[in-house]
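Enquirer: For reference, the chains in residue letters:
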Amino acid sequence: MKTIKEINEKIKKGEVVVVTAEEVIDLVQKKGAKKAAQEVDVVTCGTFGPMCSSGAYFNIGHSKPRIKVGGGGCKLNDVPCYTGFGAVDIYLGATALPDDDPRNKVYPGEFKYGGGHVIQELVSGEDVRLEATAYGTDCYPRRKIETLINIKDMNEAVLFNIRNCYQNYNVAVNLSDKPIYTYMGMLKPNLGNANYCSAGQLSPLLKDPYYRTFGIGTKIFLGGGVGYIAWHGTQHNPSVLRKDNGIPQVPAGTLAVIGDLKQMNKSWLVGTSMLGYGSTLIVGIGLPIPVLDEEVLNYAAVPDKGIYAQVVDYSVSYPNCLPGSLGEVSYDELKSGKIIVQGKEVLTGNLSSYSKAREICEELKDWIKKGNFLLSEPVSPLPQADSGYGFKMLKERPALKKEE
Amino acid sequence: MKERVEKALEKVRPMLQADGGNVELVEVTADGIVKVRLKGSCGCCPMSSMTLKMGIERIIKEDVPEIKEVIAI
Numbered sequence: 111m112k113t114i115k116e117i118n119e120k121i122k123k124g125e126v127v128v129v130t131a132e133e134v135i136d137l138v139q140k141k142g143a144k145k146a147a148q149e150v151d152v153v154t155c156g157t158f159g160p161m162c163s164s165g166a167y168f169n170i171g172h173s174k175p176r177i178k179v180g181g182g183g184c185k186l187n188d189v190p191c192y193t194g195f196g197a198v199d200i201y202l203g204a205t206a207l208p209d210d211d212p213r214n215k216v217y218p219g220e221f222k223y224g225g226g227h228v229i230q231e232l233v234s235g236e237d238v239r240l241e242a243t244a245y246g247t248d249c250y251p252r253r254k255i256e257t258l259i260n261i262k263d264m265n266e267a268v269l270f271n272i273r274n275c276y277q278n279y280n281v282a283v284n285l286s287d288k289p290i291y292t293y294m295g296m297l298k299p300n301l302g303n304a305n306y307c308s309a310g311q312l313s314p315l316l317k318d319p320y321y322r323t324f325g326i327g328t329k330i331f332l333g334g335g336v337g338y339i340a341w342h343g344t345q346h347n348p349s350v351l352r353k354d355n356g357i358p359q360v361p362a363g364t365l366a367v368i369g370d371l372k373q374m375n376k377s378w379l380v381g382t383s384m385l386g387y388g389s390t391l392i393v394g395i396g397l398p399i400p401v402l403d404e405e406v407l408n409y410a411a412v413p414d415k416g417i418y419a420q421v422v423d424y425s426v427s428y429p430n431c432l433p434g435s436l437g438e439v440s441y442d443e444l445k446s447g448k449i450i451v452q453g454k455e456v457l458t459g460n461l462s463s464y465s466k467a468r469e470i471c472e473e474l475k476d477w478i479k480k481g482n483f484l485l486s487e488p489v490s491p492l493p494q495a496d497s498g499y500g501f502k503m504l505k506e507r508p509a510l511k512k513e514e
Numbered sequence: 009m010k011e012r013v014e015k016a017l018e019k020v021r022p023m024l025q026a027d028g029g030n031v032e033l034v035e036v037t038a039d040g041i042v043k044v045r046l047k048g049s050c051g052c053c054p055m056s057s058m059t060l061k062m063g064i065e066r067i068i069k070e071d072v073p074e075i076k077e078v079i080a081i
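Chain order of the listed sequences is A and B.
If you're matching positions, the first sequence starts at 111 in this note's numbering and goes up one per residue.
If you're matching positions, the second sequence starts at 9 in this note's numbering and goes up one per residue.
Hints should not be assumed to be uniformly reliable.
[As the list claims (entries may be wrong)] Far from chain B, by Cβ distances over 10 Å, these chain A residues were calculated: (1) Ser163; (2) Asn169; (3) Arg273; (4) Pro299; (5) Asn300; (6) Leu351; (7) Lys466; (8) Glu472.
[Stated by the list, open to error] So the derived list for chain A, only partly shown, Cβ under 8 Å to chain B, looks like this: (9) Met294; (10) Asn303; (11) Asn305; (12) Leu385; (13) Leu461; (14) Ser463.
In case anyone wonders, no lab produced these hints; they're calculated from the structure.
Given the structure is predicted, the values throughout are model-derived calculations rather than measurements.
Using N, Cα and C, we set each Cβ at its ideal position, and we do this for glycine too.
Construct all of the structure, not just a fragment, from the sequences and the given hints.
Expert: If you want it as structure tokens, here you go:
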């Protein structure tokens with residue numbers, strides 16, 4: 111048994127032993143979990159994929175005379191921000207689009223520029239154009255402002271992603287006879303391809319499937335800088351079916367994460383256009399798993415062949431919330447480039463970059479080994495698999511207005 | 009111009025190869041259109057349109073400003 115405090119002491123002394131989630135697999139196979147757990151202190155995990163529920167809040171500073179953007183309108187490079195806060199606080203979501211974007215009126219829709227792209231430009235240090243309108247008050251008389259603004263001029267620029275890092279995800283296919291455009295990419299008709307989105311054996315929540323070593327307050331690699339787990343993510347769904355190795359068979363846990371955007375970098379926050387779907391942000395996240403005991407290491411060492419995902423039809427089943435899986439495949443099979451669905455060989459593609467996830471594991475390992483990144487004790491656990499906490503569908507009810 | 013485009017593609021290749029993909033230069037037209045073939049895992053990659061526009065096209069345009077567009081065939 112080791113504690114996070116003891117591991118931090120080893121980090122400070124330069125004696126810590128860190129391996130990546132990939133390296134740990136071979137190590138445990140060679141030495142066994144018991145011996146490896148005595149030797150290894152930290153396992154680094156990583157993921158780099160599109161995560162739509164991402165965004166950033168900014169305090170843009172007060173102009174002379176003052177303007178109350180709160181309750182008014184605000185755009186960064188023509189992309190609308192949410193302004194329902196105090197005078198000069200705004201939030202920009204990754205999927206926000208300029209008002210004049212044609213969406214998918216021109217089929218299938220290109221969504222060339224949105225909130226995710228603005229976030230990437232800001233983090234790159236580029237100036238962006240701020241336009242705001244207000245209704246004007248006695249204390250905030252100004253009604254309009256147009257200016258260039260840079261992230262370094264802002265008081266706060268904070269990445270705050272309310273759902274990232276999904277623990278497992280569907281493999282998307284199309285059973286219909288026409289192409290469809292989804293958040294899982296373009297799906298060719300009649301099982302023409304299968305898209306998945308996970309780093310599999312490197313993915314943080316698959317490596318500690320019962321969220322034992324992390325929770326609220328855990329320090330992480332976020333967008334190339336340091337961030338924290340703020341809460342469980344939206345749609346966190348820990349009470350799902352799991353394999354004997356603890357790994358959920360369907361999408362399960364999620365994280366809400368937060369960090370200072372000013373110290374992140376553009377290599378790990380990439381604005382992206384999903385053809386026929388919308389704009390989004392690709393986010394790089396890394397999680398250090400402290401090897402507290404043999405059990406922690408056993409979970410961290412589960413390879414792709416022990417991690418399974420469900421194949422789901424996105425032409426009818428997914429849009430209509432119809433339950434049912436077309437089969438279960440391992441990440442080992444997915445990474446081979448083809449799987450068998452309904453007797454047919456189907457080519458696979460990953461929306462998430464395994465090689466970039468591996469780079470994140472290496473980068474975080476380097477930070478820890480150099481003593482630049484101490485592990486943090488979670489302040490509180492996330493809702494656990496036996497908590498009864500789960501994901502609910504929306505129950506629609508008649509929304510009649512009250513008579514006056 | 010074709011040689012300069014090929015040289016620019018050399019910069020992109022390691023990134024594509026890291027994820028099991030590759031790119032082949034097919035043609036550079038007189039009006040500045042580059043035609044490429046995405047290979048390996050890029051051929052069925054859901055992110056290939058992004059790779060093409062934000063990766064391949066951006067880098068080629070930086071190095072060969074006469075290029076107007078890169079398209080996959």
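Enquirer: Please go over all the hints and tell whether each is borne out by the structure.
Expert: Hint check:
Under the 10 Å C-beta cut-off, the non-interface status given to A:Ser163 relative to chain B holds; the minimum distance is some 19 Å. At roughly 30 Å from the closest C-beta of chain B, the C-beta of A:Asn169 stays outside 10 Å, upholding its exclusion from the interface. Non-interface call for A:Arg273 relative to chain B: holds, since the shortest CB-CB distance, roughly 20 Å, exceeds 10 Å. Separation of A:Pro299 from chain B is adequate, the least Cβ-Cβ distance of about 14 Å exceeding the 10 Å criterion.
With a closest Cβ-Cβ approach of about 15 Å to chain B, A:Asn300 is found to remain outside the 10 Å limit, as its non-interface label requires. The Cβ of A:Leu351 lies farther than 10 Å from every Cβ of chain B, with a closest approach of about 26 Å, so its non-interface assignment holds. In this structure A:Lys466 is not separated from chain B by more than 10 Å, as the shortest Cβ-Cβ distance comes to only about 8 Å. With a least beta-carbon separation of about 13 Å from chain B, A:Glu472 lies farther than 10 Å from that chain, consistent with its non-interface assignment.
Below 8 Å, beta-carbon pairs count as interface contacts, and A:Met294 has one with chain B at about 7 Å; its hint therefore holds. Interface restraint check for A:Asn303: the shortest CB-CB distance to chain B comes to about 5 Å, inside 8 Å, so the restraint holds. Taken as an interface hint, A:Asn305 checks out: its beta carbon lies about 4 Å from the nearest beta carbon of chain B, inside 8 Å. The restraint placing A:Leu385 at the interface with chain B holds, with a minimum CB-CB distance near 5 Å, inside the 8 Å limit.
Hint on A:Leu461 holds. Least Cβ distance to chain B is approximately 5 Å, under the 8 Å limit. A hinted interface residue such as A:Ser463 counts as satisfied when its beta carbon comes closer than 8 Å to some beta carbon of chain B; here the least separation is about 6 Å, so the hint holds.
Consistency with the previously given hints fails for number 7 only.
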